[in-house]
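A.B. asks: Take a look at the letters that make up each chain.
There are 2 protein chains.
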Amino acid sequence: MTDFAAIDAFIRANIPKSISELRELCGVPSVSSRHQSIEECASLVASMLRQRGFVVEVLPTDGGHPVVLGHVTGANPSRRLLFYNHYDVQPPEPLDLWNSPPFDLVERDGAVFARGSKDDKGEFVCRLAALDAVRAVTGFYPCDMVWLAEGEEEIGSPHLPSWIADHWDRLEADAAIWEEGGTEVDETPVVRLGARGLLYVELSVRSIPRDAHSGQANLLPNAAWRLVWALASIKGLDERVLIPGFYDDVRPPSPRQEELLLALPSNAADIRTEFDLAELLGGTREVDRAYFSPTCNIAGLVAGHQGEGTKTVIPAQALAKLDFRLVPDQKPNDIVAKLRTHLDVSGFKDVQIETLGAEPPGVTDADASIVKLTAEIGLEIYGKPARITPFTGGTTPMYLFTERGIPVVAPGVGWGTKNRAHSPNEFMRLKDFERAARHIARLAIRFAET
Amino acid sequence: MTDFAAIDAFIRANIPKSISELRELCGVPSVSSRHQSIEECASLVASMLRQRGFVVEVLPTDGGHPVVLGHVTGANPSRRLLFYNHYDVQPPEPLDLWNSPPFDLVERDGAVFARGSKDDKGEFVCRLAALDAVRAVTGFYPCDMVWLAEGEEEIGSPHLPSWIADHWDRLEADAAIWEEGGTEVDETPVVRLGARGLLYVELSVRSIPRDAHSGQANLLPNAAWRLVWALASIKGLDERVLIPGFYDDVRPPSPRQEELLLALPSNAADIRTEFDLAELLGGTREVDRAYFSPTCNIAGLVAGHQGEGTKTVIPAQALAKLDFRLVPDQKPNDIVAKLRTHLDVSGFKDVQIETLGAEPPGVTDADASIVKLTAEIGLEIYGKPARITPFTGGTTPMYLFTERGIPVVAPGVGWGTKNRAHSPNEFMRLKDFERAARHIARLAIRFAET
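These protein sequences, in sequence, are chains W and X.
-6 is the number of the first residue of the first sequence in the numbering used here; add one for each residue after it.
-6 is the number of the first residue of the second sequence in the numbering used here; add one for each residue after it.
Since the hints were made in silico from the structure, they are not lab data.
Note that the structure is a prediction, hence the values are computed from the model and not measured.
Wrong hints could be hidden among the right ones.
Copies of the same chain look alike in the list, so a pair counts if it works inside one copy or between any two.
[What the hints assert, rightly or not] With a straight-line Cα cutoff of 16 Å, these simulated EDC-like cross-link-like pairs (lysine to aspartate or glutamate) come out: (1) LYS331 <-> GLU347; (2) LYS304 <-> GLU195; (3) LYS411 <-> ASP204.
Given these sequences and hints, build the entire structure.
C.D. replies: Encoded structure:
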């Protein structure tokens, strides 16, 4: 019988040590979009894992930042748990909005402030704290563990899929703990089971070699009109995507997902209030159900005169950025091919498509034992029943594991949308850190017993 | 008997002085849409006219940029010629496409390059050069002259109509020389008898208080989509404007205009070559006939993420600039009212319309004596019979004179569509400048004799 009280006490007593390790990690400004301090940060992460008995390699990717891969054996070698984190961070700008230097972690009002203090160095150190406590109290790690820490998450993990394919034999596990997690703003623990995929394309039209005087608008093709007509052919006023075959592979919620949806409260009213809307798009009331539908979003438009006042010009070029959030079993490559065919058939061969991002959706089996376990422990730690959301609106590459049959959960340090990840004055509350470490420690032990 | 050879020689000898004056004028960045350097440019124009004996006033308009008004008496006080120019220019953007700074006139390969080098500062200086030569050789100006130089032509002359109505007693003349003119690309002299009107509007949509994460694209209305759908409802792929009643007041060419149209060769091939097009829009072959149809042009589009790479955002706001070129008897106010009704009826009450410019079309009587005179001198200067075009694609407020019975012609410096007016690297060839100055000098003298 594990002495969880002793584990909890160890976590609490060692918070100063955890903060010290987090300060050291946040002090390395590993901004991936600038390729800054990447090797240094990978070495530090490797060193922290080695100190804990992990056998660690820092392995190259094909032209990208290295992956830190660690393995350790535990008391039950028939169970294996994978941790995924990333050691890179977002740029700190705008610097003038920070109350203290972004790479110099400070503690204030029960929280620590630094770039990466939450996303994702705080989560990484939280997991170390949990495992330190488990080993100190029980004498062992409970099961075999794999640790994968990549250095390109904040730039879309461009080299991770092929790296994972090449190293899959060293990554197999019974379950994976995803990069970050936590509670809703009201401190209800949340277990998120899926993330939509993303296809991000730029559509561009060039109609004439240079902008022309609009007195010739009867004579010269206008790139902006071509783009507008092409866009209008892609989605109708009723929000229905008009690309033939777009919805072919959309899988409706399973009976189990329906069950989870029905158990969820609607947060439509909160979103309506936040965005000052009488109603959500299409009168949506069930927000979590809406995430089971794919989207086609115009993220940007540019053509011709963009300044104040008037300029009578025929734009030679027009650009649109479009993002599609995809649901199972849609595939980015298939959707981009259908988009190309649709544009060709509709008379828009002049509209060029450049793919800027492509990630499939990923969804964890709601019946996986680790899902139930994560939710149960959430109730124990936070005193509220966990909210299990079958799918979410955003995108994260958990498909890399789920499509290989590994369930993914994400107990972690987050506090709803409040941590200012990606923004100035990113922070992590120490009470969230402590509860998340307790959550992970329990999860590792009980996962090893199942 | 006037010594035209001496006039021509004077013009040629004084080209360096003319370029020097043009450099000074182009150096004042009088971008009317930004209200930039307006007073400075008006003063400089006034000063150049005063140096030539004109009595000049810089007169305010009702809330707009001032008008420069000059008068001078000539040898025949029973004839009066009006010159219309504008001292404002289009914005120089995009700056990175200029080969030299836009407001720093440079001479290269027999031409001068700068914003305004042709439109309209080049034309203004050309007229000064012509009148300097006439006065130097004959000792007099040939007749009374009025000079009107406004500062808002490039933004649709919003304050000129009421200013002209208020000052009509000081503007009456027997004929007017309009802002710009010249030859076709093949150097055939051209006399243009009409100009389309212009309605310039900004359409804007705001859907939510601020940009949002596109993971919520099922839930939140996207301003860019609303704008795209609204625009697609305004004009179809076949270029037909879909606003009910838009074509109601379009008057077909008169028998005299048909006669002029039939005498015109098509310059479709030149325009195709210039813009590298297999064919003009809608397969147009009769360019001059096309100008008898109105247009609806998207001059600019802006929404959301406009930079490099990806940003997954739902734009809260979207803007389009639209310009309509209008033909007799369309009226800007009527068209904007019909647009509003159309948007309302089509479900786009959320699309706001701001009118940024409104000018009716204007047409000169093809049988006016100054038309014949301008054409005859064109043949003498360029060695080719003049092409008399009953109507043109662009807009200029010649209606302000034509609707009061004053015929308007426009001998000038232009070289077809090649001068890149409104575009980067606007230029004027010095040989065009010289011929246009000779044309104006002859026209002023012979007009005074009729």
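A.B. asks: Please go over all the hints and tell whether each is borne out by the structure.
C.D. replies: Going through the hints against the structure:
For a Cα distance limit of 16 Å, the shortest separation of LYS331 from GLU347 inside one copy, 14 Å, qualifies, whereas the shortest one across copies, 38 Å, does not. Proximity of LYS304 and GLU195 under a CA criterion of 16 Å is satisfied inter-copy only: 11 Å between copies versus 25 Å inside one chain copy. For a Cα distance limit of 16 Å, the shortest separation of LYS411 from ASP204 across copies, 13 Å, qualifies, whereas the shortest one inside one copy, 42 Å, does not.
Violated hints are absent here; each numbered hint is respected by the structure.
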